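Those protein sequence lines, which keep their order, are chains A and B. Residues in the first sequence are numbered consecutively from 1, following the UniProt record's numbering. Residues in the second sequence are numbered consecutively from 1, following the UniProt record's numbering.
No wet-lab data here; the hints were simulated from the structure. Values in this document were obtained by computation on a predicted structure and should not be read as measured data. Just so it is clear, CB atoms sit at the ideal spot from N, CA and C, and this is done for glycine as well. Check the hints yourself; a few may be wrong.
[Said to hold, decoys possible] From the derived model, a few chain A residues whose C-beta atoms are all more than 12 Å from chain B:
1. D29
2. L40
3. P57
4. L113
5. T225
6. R226
7. L255
8. L406
9. S413
10. V419
[To be verified] Calculated lysine-lysine pairs in the DSSO-like style (CA-CA distance at most 27 Å, straight line):
11. A/K402 / B/K171
12. B/K264 / A/K346
13. A/K307 / B/K463
14. B/K264 / B/K171
15. B/K463 / A/K59
16. A/K402 / B/K264
17. A/K402 / B/K455
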Amino acid sequence: MTKPSATGQPRPPGASVSPTPSLLTTFFDRPLPLYLSAALFRLIFLLYGLWQDANSPVKYTDIDYLVFTDAARFVSQGQSPMSERHTATPLSSPGSSSQPPTSGKVLFAIADLVAGWLLEKVLARSMDGPRARKFAAIWLLNPMVATISTRGSSEGLLGVLVMALLWAVLERRVTLAGLLLGFGVHFKIYPFIYAPAIIWWMDNERMNPNKTKPTKPPQSTSITTRIINFITPARIQLALISLATFSGLNIAMYLIYGPPFLQHTYLHHVTRIDHRHNFSPYNTQLYLSSSLPHVSSSSPPTFQIEKLAFLPQLLLSTILIPLVLAKKSLPTAMLAQTFAFVTFNKVCTSQYFLWYMVLLPLYLPQSNFLKNKRFGLAALVLWVVSQGLWLQQGFELEFLGKSTFLPGLWLASLGFFGVNCWILGVIIGDVGSQ
Amino acid sequence: MRERITFVQKEGDSIEPSALKVDGSGLSGPEVKAVREDRLTFALDELPAELKALLEGVNQLHIRWVSPIAYEAVSPLLARLPPGFHLFYTPGSDTSINPCPLLNKAFGTVSCSSPAESFTTLPTDRFTHSTTHQFYQPLDSLSAFTQFAKSQLCPPSSPRSCGTRLNSLTKASQLDISYDAISHTLRLTSLWPYGPQSLSATLLSPSIRTEVGIISTANPKTLEPHEIGISGLLTVLGQSTAPSPTLFSFPSRHRDAASSFTSKFLSPTGLHPTLQLSISSPSPPSKSPNPSTCRLHGYFTLPKTIFPDRHQLSDPLFLSSKNLSSVRYITPNIDLEAPEYVTPTWGSSLLLELSPPPSQGSQGSGDSKGEEWTAQIPLHLRYLSPSLTGYRTAEVPYPALFWACTAEEGTKFPTNPFEKDKVGYDGLFGERTVFWHLTPRPGDGTNGRLMNEVKVPVLDLTKADWVNALTGVVVALGFGWVVVKLLGVAFAGGGKKVDKQKKTQ
């Protein structure tokens, strides 16, 4: 197996782009123009944000960033960052009091660039450099991504973590993958869904391609041998290292911050009600069921559907999608898992879209959306329009004070859910037709 | 037990001693325009058993109730609080003692369950005189308390006047109940708004020392700038046979700024309503001896339906665009997500320093329309429980607005006979601060109430029948579609065919 160099310079093994030189192709010919413009792009956003924050009462910086930097200041002062709003591990609060609040945003912007670079490295495994950079540009030059990170959202850090994890796995760097997986789960829980896909993908043939005996295992292997075959050194290594990293970090945080750490980092997600309007199809139902015990006139609650919400979500994202897709295409499997996790989640805000957006460039080259441009455009329009409908209802509620919960906001969230399911289905189908 | 009845007339008003009839059982006279204040002081042993048992375990308990109906304040009774039921509380050594059951019983709809759950904690490191806990909720009337007081204080054998006097509490504009473990006395003070009052007081029992005063503000030449002068007639029922004239003065922390304000929500309110204060004058009180030390403040008690976000209120640029200067105090750890129906604490208090625009006119702080200015306070609504109309109403009391001015070094403010302390904001200022109050004026369409209403969109229960089922069906369909696609890929062929068909279309 030939490993393309980091910058993806020479000898493209895959399909090549059209040889006619244009400004666009020369732009992607070398890495410098892309990364320079991606960095410049973020620098402009960052400086503009600083200017707006300093000159306008309407702030560019996300209000959650203030919570975040507050928490960071507490950490640097040796205090606990657990405040009313900070619901994450203390490790997500970098920086120190001596640093200006911009340092966090710079970190997030750099994380964006590193994620893009790793994206290119992963892409370059199956295509030439310029083409890989072209797809990496979907992330690197994406205004939504740049805005979210320069406004100070830490979601961008997830992008670099997930991309590094995928790259480490594809490079068979099991120890590094284990460390990243354990850290990722500690950092933001949801990356645990990648564990089954990675484990399933890591079979002996993949991990030791040269050692594998030419004699393929016969069709009729007993269940016991299958299980024994499943337990490979690489799988054990990954499981042990990621578990050790995850528990090590948790124990350390617990020793430093005590029980509030558990409450804010993990238990919070169990006890929270998540009633405030968001894209999730469960949202209206959650508001309804959480409030029913407090409405005197209401009938005694019967069976409530959201109690089972975890079932379709986890079935798809941790079992079915990994089983069916991981061995066919690990990156697309991870994309589909994330997409399913976000779509079927009990809370869904636009920041969560970043979770799968980083994986999108890995799938698009083989996708029907790109092969059939009209189809792709239609899907994009559907996704944007169904989201727009929800946002319109949300605006009427949030800013005009109209009671749009029912039916408007509810139907809009179900519509958006439907569109997302359809897109997920197409992604899955595309893996099958590869 | 002691009683003090005071009729406070406006400055310049007075009554001739000869107009009053004093005999062994009481005092009577003509009808005058005045504020009436009744103060009853109980020793612990004189209280009903249940109340006594509670207070014995309490360090400080102060109830301040203010009617939502706008009233005119008369010097020296000038202290103001947002209308509603306020409680300032410091537990005794046994912190498990719970005043809530008795409060619920006494005031009717006070929704507190226990100090740990319902109260907020106050900073005690700043000034030692403040209590450790706070509770507030809007409360329109004292009718429940009147019934409770009658059941406690007027046994069936008592004269009819007992019930009649307590019934008049329903017309009171303020009620203060104060207990602290040092004095071991419970003081109950009620205040009736300025208006026609018949000058009459009867001795409840010969054993109760009852003092009646008819007073008004006076300005003797010897008066210091931080003092209020009082002149009038004092009578001790059963002891004196005629009222005796009196003249005295005392330093007072609460004064009248001689300006006013109204408060309203800007529309559309949405889920992030802005409360706008319209203030008649940007200038500090002209009567203040040291106006340069004065800063305009707003003290807000916000019920749990609505809350301020301290992060939003931390940016100087944002604040100044709203004519605000800084947050002086905000209840810590306000939950920014939880819906109202699962929020156990009463709400939050907020002390804001306002930033008046530079005054153009003369230094006088008259109500000239040209100088009126506004300040905006951005707030956020919690989700409220669903209703049958899709909307609910949240009520937010007017804030207390005052200029806080610092008296000169060495000025002492010993407790005066008309002192109203433990008003929430006084604990957040130093001992030498004087509060010059702005008069709250009810806005249009508020029926004379000092409450701002905001219409909150909630889930409409009449449309909610299908939510549970249809959400389930849609999720199941979405899930099913994805599973079918997965099966297509797993048992290769199916998925491919479908896709190829799609491609050829």
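These are the hints, each one checked on the structure:
no.	hint	verdict
1	D29	holds, 32 Å
2	L40	holds, 27 Å
3	P57	violated, 4 Å
4	L113	holds, 28 Å
5	T225	holds, 22 Å
6	R226	holds, 17 Å
7	L255	holds, 24 Å
8	L406	violated, 4 Å
9	S413	violated, 9 Å
10	V419	violated, 10 Å
11	A/K402 / B/K171	violated, 38 Å
12	B/K264 / A/K346	violated, 37 Å
13	A/K307 / B/K463	holds, 21 Å
14	B/K264 / B/K171	holds, 26 Å
15	B/K463 / A/K59	violated, 38 Å
16	A/K402 / B/K264	holds, 19 Å
17	A/K402 / B/K455	holds, 9 Å
This entry does not satisfy hints 3, 8, 9, 10, 11, 12 and 15, going by the numbered hints stated previously.
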